[in-house]
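Visitor: One-letter residues, chain by chain:
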Amino acid sequence: MPDKYHIKAAATPGHFRRVGKFGSVDWREDCSRCTNCVKPRCVYDTYKKEATYNRDPATSVIPLYECRGCLSCVQGCTKGLLAISINPEYLALGDEYWKPDILATTWNQADSGRIPVSGAGYRGRFHGPGFDGIWTDMSEIVRPTRDGIHGREYISTSVDIGCKPMRLSFTPDGRLVGETTSLIDIPIPAILDVPPWKISGNALSRARLAAARALKTLAVAPVAEVVGAPADHLPHLVPLVDAGGFAGSEAILRQVRMAEFVDEQQALELFRQAKTVNPSLVCALRLPMQASAADRIVAASKAGVKVFHLCADLHGREVGIENPRHIKDVLREIHGRLVKEGMRDEVTLIVSGGIGLAEHMAKTIICGADLVAVDTSLLVAIGCRVCRGATERTHQEHCAAEAGDLEPTYAAQRMVNLMAAWHSQLIEVLGAMGIREVRRLRGEVGRAIFMEDIEREAFGDLACK
Amino acid sequence: MEALSSEAKPVISAGGEPQVTVERTVRPTPDRYRNALGKYKINRSADCVGCGDCAKLCREGVHVKPDGYAFSLRPRDHLCIGPECAKTDHYCVDKCTKKALSMARNPTVDAMGDPRWTSDLILSTWHMAETGHVPKAGIEHRTGESGGGFDRIHFDFPATPAAKIDPARVDTGLDLNRRNDGRPQIHIDLPVYGGGMSFGSVSIHTIVGKARAAAAWNTFTCTGEGGFHDRLKPYDNHVITQVATGLFGVREDTIQRVPIVEFKYAQGAKPGLGGHLLGDKNTPAVARMREAVTGNALFSPFPFHSVYSVEDHKKHLDWIKEVNPRALVSVKVSTPTDVDMVAVGSYYAGAHIIHLDGSYGGTGAAPDIAKKNIAMPIEYAIAKVHKFLVAEGIRDSVTLIVSGGARTAWDVMKAIALGADGVVIGTAEMVALGCVRCACCESGRGCPRGIASTDPELMMQMSLDWATQRLINLLAAWREQMVEILVKLGIPSTRELRGRSDVLYYAKEASL
Numbered sequence: 001m002p003d004k005y006h007i008k009a010a011a012t013p014g015h016f017r018r019v020g021k022f023g024s025v026d027w028r029e030d031c032s033r034c035t036n037c038v039k040p041r042c043v044y045d046t047y048k049k050e051a052t053y054n055r056d057p058a059t060s061v062i063p064l065y066e067c068r069g070c071l072s073c074v075q076g077c078t079k080g081l082l083a084i085s086i087n088p089e090y091l092a093l094g095d096e097y098w099k100p101d102i103l104a105t106t107w108n109q110a111d112s113g114r115i116p117v118s119g120a121g122y123r124g125r126f127h128g129p130g131f132d133g134i135w136t137d138m139s140e141i142v143r144p145t146r147d148g149i150h151g152r153e154y155i156s157t158s159v160d161i162g163c164k165p166m167r168l169s170f171t172p173d174g175r176l177v178g179e180t181t182s183l184i185d186i187p188i189p190a191i192l193d194v195p196p197w198k199i200s201g202n203a204l205s206r207a208r209l210a211a212a213r214a215l216k217t218l219a220v221a222p223v224a225e226v227v228g229a230p231a232d233h234l235p236h237l238v239p240l241v242d243a244g245g246f247a248g249s250e251a252i253l254r255q256v257r258m259a260e261f262v263d264e265q266q267a268l269e270l271f272r273q274a275k276t277v278n279p280s281l282v283c284a285l286r287l288p289m290q291a292s293a294a295d296r297i298v299a300a301s302k303a304g305v306k307v308f309h310l311c312a313d314l315h316g317r318e319v320g321i322e323n324p325r326h327i328k329d330v331l332r333e334i335h336g337r338l339v340k341e342g343m344r345d346e347v348t349l350i351v352s353g354g355i356g357l358a359e360h361m362a363k364t365i366i367c368g369a370d371l372v373a374v375d376t377s378l379l380v381a382i383g384c385r386v387c388r389g390a391t392e393r394t395h396q397e398h399c400a401a402e403a404g405d406l407e408p409t410y411a412a413q414r415m416v417n418l419m420a421a422w423h424s425q426l427i428e429v430l431g432a433m434g435i436r437e438v439r440r441l442r443g444e445v446g447r448a449i450f451m452e453d454i455e456r457e458a459f460g461d462l463a464c465k
Numbered sequence: 466m467e468a469l470s471s472e473a474k475p476v477i478s479a480g481g482e483p484q485v486t487v488e489r490t491v492r493p494t495p496d497r498y499r500n501a502l503g504k505y506k507i508n509r510s511a512d513c514v515g516c517g518d519c520a521k522l523c524r525e526g527v528h529v530k531p532d533g534y535a536f537s538l539r540p541r542d543h544l545c546i547g548p549e550c551a552k553t554d555h556y557c558v559d560k561c562t563k564k565a566l567s568m569a570r571n572p573t574v575d576a577m578g579d580p581r582w583t584s585d586l587i588l589s590t591w592h593m594a595e596t597g598h599v600p601k602a603g604i605e606h607r608t609g610e611s612g613g614g615f616d617r618i619h620f621d622f623p624a625t626p627a628a629k630i631d632p633a634r635v636d637t638g639l640d641l642n643r644r645n646d647g648r649p650q651i652h653i654d655l656p657v658y659g660g661g662m663s664f665g666s667v668s669i670h671t672i673v674g675k676a677r678a679a680a681a682w683n684t685f686t687c688t689g690e691g692g693f694h695d696r697l698k699p700y701d702n703h704v705i706t707q708v709a710t711g712l713f714g715v716r717e718d719t720i721q722r723v724p725i726v727e728f729k730y731a732q733g734a735k736p737g738l739g740g741h742l743l744g745d746k747n748t749p750a751v752a753r754m755r756e757a758v759t760g761n762a763l764f765s766p767f768p769f770h771s772v773y774s775v776e777d778h779k780k781h782l783d784w785i786k787e788v789n790p791r792a793l794v795s796v797k798v799s800t801p802t803d804v805d806m807v808a809v810g811s812y813y814a815g816a817h818i819i820h821l822d823g824s825y826g827g828t829g830a831a832p833d834i835a836k837k838n839i840a841m842p843i844e845y846a847i848a849k850v851h852k853f854l855v856a857e858g859i860r861d862s863v864t865l866i867v868s869g870g871a872r873t874a875w876d877v878m879k880a881i882a883l884g885a886d887g888v889v890i891g892t893a894e895m896v897a898l899g900c901v902r903c904a905c906c907e908s909g910r911g912c913p914r915g916i917a918s919t920d921p922e923l924m925m926q927m928s929l930d931w932a933t934q935r936l937i938n939l940l941a942a943w944r945e946q947m948v949e950i951l952v953k954l955g956i957p958s959t960r961e962l963r964g965r966s967d968v969l970y971y972a973k974e975a976s977l
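First to last, the protein sequences are chains Z and W. Okay, so the first sequence: first residue is 1 according to the numbering used here, each after it adds one. Okay, so the second sequence: first residue is 466 according to the numbering used here, each after it adds one.
Wrong hints could be hidden among the right ones.
With a straight-line Cα cutoff of 25 Å, these simulated DSS-like cross-link-like pairs (lysine-lysine) come out [unchecked claim]:
#1 W/LYS563 / W/LYS552
#2 Z/LYS99 / W/LYS837
#3 W/LYS698 / W/LYS786
#4 W/LYS786 / W/LYS837
#5 Z/LYS216 / Z/LYS99
#6 W/LYS973 / Z/LYS465
#7 Z/LYS39 / Z/LYS8
#8 Z/LYS48 / Z/LYS99
#9 W/LYS564 / Z/LYS21
#10 Z/LYS216 / Z/LYS4
#11 Z/LYS48 / Z/LYS164
#12 W/LYS563 / W/LYS601
#13 Z/LYS48 / Z/LYS21
#14 W/LYS852 / W/LYS629
#15 W/LYS552 / W/LYS564
#16 W/LYS563 / Z/LYS465
#17 W/LYS530 / W/LYS563
#18 Z/LYS79 / W/LYS837
#19 Z/LYS79 / Z/LYS8
#20 Z/LYS21 / Z/LYS164
#21 W/LYS953 / Z/LYS79
#22 W/LYS953 / W/LYS601
#23 Z/LYS79 / W/LYS629
#24 W/LYS521 / W/LYS563
#25 W/LYS698 / Z/LYS79
#26 W/LYS530 / W/LYS564
#27 Z/LYS465 / W/LYS786
Selected chain W positions facing chain Z (in silico; Cβ < 7 Å) [claimed, not checked]:
#28 CYS516
#29 VAL715
#30 ASN761
#31 ALA762
#32 PRO766
#33 TRP784
#34 ALA848
#35 ARG902
Because the hints were derived from the structure by calculation, they are not lab data. Just so it is clear, CB atoms sit at the ideal spot from N, CA and C, and this is done for glycine as well.
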């Protein structure tokens, strides 16, 4: 029996100041010190821990965000002196896409590597734009002749990156026509991508590379940021090559399995040069997510490029367009076009931008990606609050994600934990659908429920006011 | 006190157990915490001289000054109707001669609730559970703010109802057996019954309180997958035994003693994932009921590995029908894309009741990714399945029960107008018992408010009598609203409302 893929998560509490959701307001001056105080009775010991912290500020700050908002103390206080309110700092976290709840759940997953579990049912909005307008399917009964599952441990989350020719051709004397095929098999449909904005220092890239090695996946990084990385990390590196080329990096290029080329003028030429340096190198073209990307992919594919990395913006939208659409719409269009051209199975589509939750990974694959590249979420895992507007940070505190003093081992483990939680959640989704490998999820829009379609089907006959 | 009906007769259940009668009477049942929470806060400053005018003035009971007291008691501000009162001539803040009173929105309320269960919905459910009636004003008790589904579907009340209906004659009853197969007809007085919650996921007071309220209202509650507790036996005739994939506590006796047996294929909150009782909640009493080892996490695996087809499914139902020849069989499924086909398959397998559990329903513990993303919300599934059953010509041969997101009486009536026969509720019952939806049911000792906990200390925060009465009151208030809706529509019964989507409209924007 082959080894099962297992991600080693390890408890790694954040070194950054956590922002909690609830804050208690306590009118202590009216307290009569009665013997019926609710504070010692808090099920979560929040007040006891807070008191410990108040006596010794050197202790962990964790108690300050541990209130779960059960309101037992508020309702039980003899004199009604306690109140709970939502921390305004919590509400100010992130932006309209990277909402406070996304940041908080990412921090929690990066702490432990566990799936977020809670009671009381879904608590959010009914539906929303983008990924929030998709529900994934489930299967009421096992269908062993199709996609029956016999246990979650048998669900495969492996994907291949590289050229996947539909058939092999041979010369009359039995020699293979064309290049030998290089495929990279990674056990999780996610690679770790560069952040969407410049982070100073190299520590973040080093951490990302170490995390990729632990996860047996790949990490994209400019070569300059990983110089000196251990040799056993290099097979997990994807050098990012821009118009500057890779002069001086040939040695590294020979040791890596894949490289990404920014879709600029000389990209295809650099691509060919890289293949000369390392013939088995899997080369990917990195281009912005736009509807026109379909044309570009078709053309580049005919020119020999078989791996494409489509980069959406921070919010998962098209780039450089006035009324940008969401990944789910653009990607379905691109995927559909490639199917129509008969070349979908030959190419690999990697999609990044706006992948903030495990469900985004599953939904992006349903919409047509082979795998995703995780970027901003890795920053969030190490404490980023996505406070950055277009270019500048908006909060003045020390940024937990700035790389100067980041400890790579700690950061890598938090990234590993996050991906462990995402991997487990992906398996939950696949298990619910009765799909036993993630490759089969690609483009399976029939196993998803799209808000626009189901609204029309269910409510199309209702009067509209 | 007001008696709505008290016609219960002493009967013996099929399990040989004398059945206890519970009076269907509304009784005031205040919050069990010292400080009831309200939407508004009334603050009384030190300028108060204790004249007591506010107590004489207030019609809501906010201000109370008992005889012999120098000052009024701390305002019972959860009864305050807020700015609505400012429009009247008895607004305490304006009338206080010392200007010692002020009114403001309670900041704690903003920390409660969520778009689906807003703080208004939680507070209004508490009000109904306390009084048995709808709040007078100042609080939205009909819909939430989720921006979709029931929150965007509204009744289009005619200026003049099609027929003049006497509220006293409105029929909210529902017959559950439509197969005409020789099995007994079961009538319930409300188109609502309680969902499955296992012993272990919730406390025994919660379970038995639900059963007693079901007995009072001649409806049902469900065991969930935790076995049939001995304390449920006096209410056998109002209990549904659930058979789920873990088969915890399922025995011939528990199938034979009840009028309805429910096969749970999936649960809306975690479709396709099975059940999971965390080890902390598997106390010795729970383990005994489930014939398991104390402290071990218990999994109810998904799916039934003995079911690969509609024929296998029929084999399951036949088994139950053989073991209990008088039972109706319900099939609880989730809401996949092919939910309509699943419903038809269940009908042909012999189900009397098809129970669709939508994805936004409640749970004691589920992965967040499942609660939000897997399977469709119930609003879609109702319309889809109802239309399909009609097209197949079998709509009147099966009872369609739905759950997973019905929070209010208004949601229930909207579900019926979309095509359901009745609705199963769960979270609304928990809220009536004091749940604030903090979502901490699953961790550690369980619910800090003692509702979804088997911790001996926490569960004693709530008495059985209190729980029973709160649920009886809630259902009374809900029936009041059902009658109000039917009268406004000019429709004499909930049966005749079924599938009347013409009385609904879909709001372009989420608003009332």
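Visitor: Within a Cα-Cα threshold of 25 Å, do Z/LYS79 and W/LYS629 meet the stated pairing?
Guide: Violated, at about 51 Å.
Visitor: Hinted pair, alpha-carbon criterion (25 Å max): Z/LYS48, Z/LYS164. Please report holds or violated.
Guide: It is violated: about 60 Å lies between the C-alpha atoms, which goes past 25 Å.
Visitor: Straight-line Cα separation of Z/LYS465 and W/LYS786 no greater than 25 Å?
Guide: violated (47 Å)
Visitor: With the threshold set at 25 Å, check whether the alpha-carbon distance from W/LYS552 to W/LYS564 stays at or below it.
Guide: Holds - the C-alpha atoms of W/LYS564 and W/LYS552 are around 18 Å apart, at most 25 Å.
Visitor: Would the pair Z/LYS48 and Z/LYS99 pass a check requiring their Cα atoms to be no farther apart than 25 Å?
Guide: violated (30 Å)
Visitor: Sort out whether Z/LYS4 lies within 25 Å of Z/LYS216, counting only the CA atoms.
Guide: Holds, at about 13 Å.
Visitor: Is the hinted pair Z/LYS21 and Z/LYS164 satisfied, with a Cα-Cα distance of at most 25 Å?
Guide: violated (48 Å)
Visitor: Just to be careful, I want the Cα atoms of Z/LYS79 and Z/LYS8 compared with a cutoff of 25 Å; is the pair within it?
Guide: Judged against 25 Å, a Cα distance of about 49 Å means the pair is violated.
Visitor: Should the hint that W/ASN761 touches chain Z count as held when the rule is a Cβ pair under 7 Å?
Guide: Violated, because the Cβ-Cβ distance from W/ASN761 to chain Z comes to roughly 17 Å (cut-off 7 Å).
Visitor: Under the criterion of a CB-CB separation shorter than 7 Å, is W/ALA762 in contact with chain Z as hinted?
Guide: The hint is violated - W/ALA762 has no Cβ within 7 Å of chain Z, the shortest such distance being about 11 Å.
Visitor: Measure nothing beyond the straight line between the CA atoms of W/LYS521 and W/LYS563; if it is 25 Å or shorter, mark the hint as holding.
Guide: holds (16 Å)
Visitor: Do the alpha carbons of W/LYS564 and Z/LYS21 lie within 25 Å of each other, as the hint requires?
Guide: Not OK: W/LYS564 and Z/LYS21 at ~36 Å, beyond 25 Å, violated.
Checked against the numbered hints listed earlier, the structure breaks hints 4, 5, 7, 8, 9, 11, 12, 14, 16, 18, 19, 20, 21, 23, 25, 27, 28, 29, 30, 31, 32, 33; every other hint is satisfied.
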